Structures are given as C-alpha cells and as structure tokens.
Amino acid sequence: MLQPHYNGAVRLLGQMAGLLLLANAGSDLDRQRGHLRVAQIQWRELLDAIESDLAFRSRTAAAVSGSIKRIGALLERLESRFARSLTDEGELPHLLGELAAIRRLLQEASCPQHGLAIVDFTGACCAGAH
Amino acid sequence: MADYSIWVLEYASQPKTETGSIVYGAYNQGFRAMPYAYVVLQSKDHVAMVDVGHNHSDFGETLAVRYGVEHWHGPREALALCGLRPEDVDTVFITHAHFDHFGNVEAFPNAHFYIAEQEIEKSIWALALPERLQVIASAIDPGDLARGAVLARQGRLTLVTSDMANVLPGIDLHLAPDTHSFASLWVELRNDRKQPSEDVWVLAGDLVYAYENLGGTGATAGNGEPYLPIGFAIGSQTNLLLATEAMLQAVGHERRRVVPVHEDRLKQVFPSRVKAPGLAISEICLADGVSSRLS
Numbered sequence: 001m002l003q004p005h006y007n008g009a010v011r012l013l014g015q016m017a018g019l020l021l022l023a024n025a026g027s028d029l030d031r032q033r034g035h036l037r038v039a040q041i042q043w044r045e046l047l048d049a050i051e052s053d054l055a056f057r058s059r060t061a062a063a064v065s066g067s068i069k070r071i072g073a074l075l076e077r078l079e080s081r082f083a084r085s086l087t088d089e090g091e092l093p094h095l096l097g098e099l100a101a102i103r104r105l106l107q108e109a110s111c112p113q114h115g116l117a118i119v120d121f122t123g124a125c126c127a128g129a130h
Numbered sequence: 131m132a133d134y135s136i137w138v139l140e141y142a143s144q145p146k147t148e149t150g151s152i153v154y155g156a157y158n159q160g161f162r163a164m165p166y167a168y169v170v171l172q173s174k175d176h177v178a179m180v181d182v183g184h185n186h187s188d189f190g191e192t193l194a195v196r197y198g199v200e201h202w203h204g205p206r207e208a209l210a211l212c213g214l215r216p217e218d219v220d221t222v223f224i225t226h227a228h229f230d231h232f233g234n235v236e237a238f239p240n241a242h243f244y245i246a247e248q249e250i251e252k253s254i255w256a257l258a259l260p261e262r263l264q265v266i267a268s269a270i271d272p273g274d275l276a277r278g279a280v281l282a283r284q285g286r287l288t289l290v291t292s293d294m295a296n297v298l299p300g301i302d303l304h305l306a307p308d309t310h311s312f313a314s315l316w317v318e319l320r321n322d323r324k325q326p327s328e329d330v331w332v333l334a335g336d337l338v339y340a341y342e343n344l345g346g347t348g349a350t351a352g353n354g355e356p357y358l359p360i361g362f363a364i365g366s367q368t369n370l371l372l373a374t375e376a377m378l379q380a381v382g383h384e385r386r387r388v389v390p391v392h393e394d395r396l397k398q399v400f401p402s403r404v405k406a407p408g409l410a411i412s413e414i415c416l417a418d419g420v421s422s423r424l425s
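Each protein sequence line maps, in turn, to chains A and B. Quick note on numbering: the working numbering labels position 72 of the first sequence as 72, and the sequence is numbered without any gaps. Count along the second sequence starting at 1, add 130, and that's the number in the working numbering.
FYI, nobody ran anything at the bench for these hints, they're computed from the structure. If you're wondering where the values come from, they're calculated on a predicted model, not measured in any experiment. Hints are supplied without guarantee of correctness; some may be wrong.
Said to hold, decoys possible - Among the chain B residues that face chain A by a calculated CB cut under 10 Å, a handful are:
1. SER151
2. PHE229
3. ILE250
4. GLN264
5. THR291
Even glycine gets a Cβ: it sits at the ideal position worked out from N, Cα and C.
Build the full structure now, drawing on both the sequences and the hints.
Pasting the structure below:
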C-alpha cells in the first residue's frame, strides 16, 4: 500500500518547511534542532520501508520514492550545517526551491480518491459537507 | 470617529454543510450554507486583511467533488468588490495555519504577515505524529509552510508569541492557544483608537463559525443562550468557550460586533451585496467620510 509512504513524504515535507519558516522568522534554533532530529529518524524509517517493498512499480510510486530521496538530501544538508543552512543566503534559495519542487512532484502524484492527498481535509471545516 | 472600514468578502461557498459541524452537538439538525471569506480593514493609512483564503489551483477539484466547496473566486475579483487590489494590501493577520486561511499568501506581494509562532511549531509537531494521529494535522498544507518560509526570508513575516497591542493603529492581536487550532489569533479593532474603546470590533477567525457559537443573534449576550463551541476543534472546547467569552467581553457583550466569517447569516445582519454565487461583500462598518461599496 502506497498511501503510508505518500503521507509520510508529505508530512516530512511539512516538517521541513515549518522548520525553515521558524528559523527565518527568528525563532529559537535550539528548539528546532529537536524537530530536525525527529524528521531524520522518520525519514530513515520511511526510506527503509519503501525500499524494502519491491511491489511498487507505478509512476506514482516512483514519484513518492523520488520525493523521499530528495527529502533525505535536504535533511542531510540541514544536518551538516544546521544553523547556517537554515538561514544562509546561499543555501536557503536552494532549500526552498527544492521544497517547492518536491511538493509539486507529490501534488502531481496525488490521487485523493485513493487517499493520496497533500492536505488531509478530515478535520477541516469543509469536512462537514454532505 | 471611525478610523477603519470593515468588509467581509465571500470568495467561495459550500451550500450544504452539516449543522453539527458548525455547532458542537447539533446532530441531525440538517444542513446550512457555509461561506468561505476573509476580512478587509481599510483606514486612511493602511489596507489590512484577516486571512487570505485558499488557492483553488491545487485543491479546487477535490474540494468541489468531495466537499461541495463551489464558486471559488480569486482575491483580485473579491477585493474589487470594495475597490481594492491585492497589491494594495500592506498587512495580513493569519488567524491560523489551515489551508483556507493561510493558503494564498503569494497573491499579496506587498503585505507583511503575522501568525502565531506556536501555530507553526505545533504544526511541525503534529506532522511528525504517527499516521493514526494525523487528524491532528489535518487542514495543514506543507506548501503553505514553505511559502511562509519564503515570506520570513523576505522579512515579511512576524511570529506572534503573545498578545500584541497596536500592531497597526487601533488593532490588537490576541492569542487563543489550544482552541480550533494550535494557537489561533483573533483580531481586536478599536475603531476610535481609544483604550478602553467604545467602538470595538472583533474578527474571530474560526474560533466562531456561526451565531449559535456566540449564544444567538440578539444584540447582547446577556439575553442569549449559552455559547456553543464550533463543531471542529483540534484543541479544547473549554478553551474555545473561554476565547468566546474574551471576545465578547472585548465588545461589551454586543454580539454583532464579533464577526464570524463562515456565518451565512452575516449577509442578513449587515448590509450586503451578492454579486455572484460565492462572491459577496458584507459591509460591517465604514470609516468617517468613506462611502458605501454596496451600490
């Protein structure tokens, strides 16, 4: 089942984006280091899970797998130069561009009727529609 | 003396929403329309907004097919109802990080944004929870966080860490942690700039969906029913009720001065004009010397 991998990639993307938002808006870097650690652990688990599941051969699966690998590269970049990477003028445009590209990839691979969606609307105000 | 004009602009609509999702516990009480809207505050010196709505391009089909959110209109079309353009907006208060409030920041190239720090930090925390707990992170778009990071890099985003007075003249921001979202903001506008003010308006975000959440549509809370919280809350219903009380205290319990943007009956309480399905303007108040935008 691809859904947990897809959702995991979306959530990691959100964690990284939030981390960059906080860092660039002047939030406390030490608190964010904890968020980064959690994201790294989750990314490793996600990568292991999708690599061990050889059943995925579709284009969607390729997009999800590619996204997870690209997220890993971003995490590595953040880890190696944590404080600087988050806000550095040279690093940041690349990081933000890569985040946007991964989101596009996941958006294009989305399939809401099968539970692959960038946004989970189940707890949103629109969810009360009939 | 009134410094600001206030308009609520409806930019999309959901014609059939379960009443139980609007008012907590209102089970089997039918359906009602739920507009999607944002608020414009215009003074002589500023054009501010409370929330920016969502961008139709990514989710329009899903929202239309699965949830019946229809008739989306972009900010240029909606703001034209009050004679403004997205470029005119200099300040935006994001009440919370859900897709339909924080989802269209790119449309406002000259605006400075405010959002609660705790709203973002807890969003990261929620996104890291196991999938079985993902309802806690629902309605959050990672893309909005990424666009927020760009704003922050450009020096166009301020994290709100506590209540802030006079963010713009006469405008105060109040935190409501652990309510509808992780740390929602509500906006208090003192339209005479006095403290204490005799002309306060409250822009409630999603702390209130409908008048029942405020205890009814009568002029004062004292004559009304008990407050009922909204149907959807990630946080505490107790905190939602206490935030409701704080908002109503700010307006001297004059209920119509708390503005709920998802309330369809707003168009009956205030002078309004419906231009097209999902496109409407409600005129909450006018600044001195400003003429109505309804004609």
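### Task
Report holds or violated for the interface hint on GLN264 (chain B), using the least CB-CB distance to chain A and a cut-off of 10 Å.
Result: holds, 6 Å to nearest chain A Cβ.
### Task
Let me know if the C-beta of THR291 (chain B) comes in closer than 10 Å to any C-beta of chain A, holds or violated.
At 9 Å from the nearest chain A Cβ, THR291 (chain B) passes the 10 Å test, so the hint holds.
### Query
With 10 Å as the cut and Cβ atoms as the points, is ILE250 (chain B) at the interface with chain A?
Status holds, d = 5 Å.
### Query
Regarding the hint that PHE229 (chain B) lies at the interface with chain A, is the smallest CB-CB distance below 10 Å?
This interface hint holds because 5 Å falls under the 10 Å limit.
### Message
Holds or violated: the hint that SER151 (chain B) contacts chain A, with Cβ atoms closer than 10 Å.
### Response
holds, 2 Å
Checked against the numbered hints given earlier, the structure satisfies every one of them.
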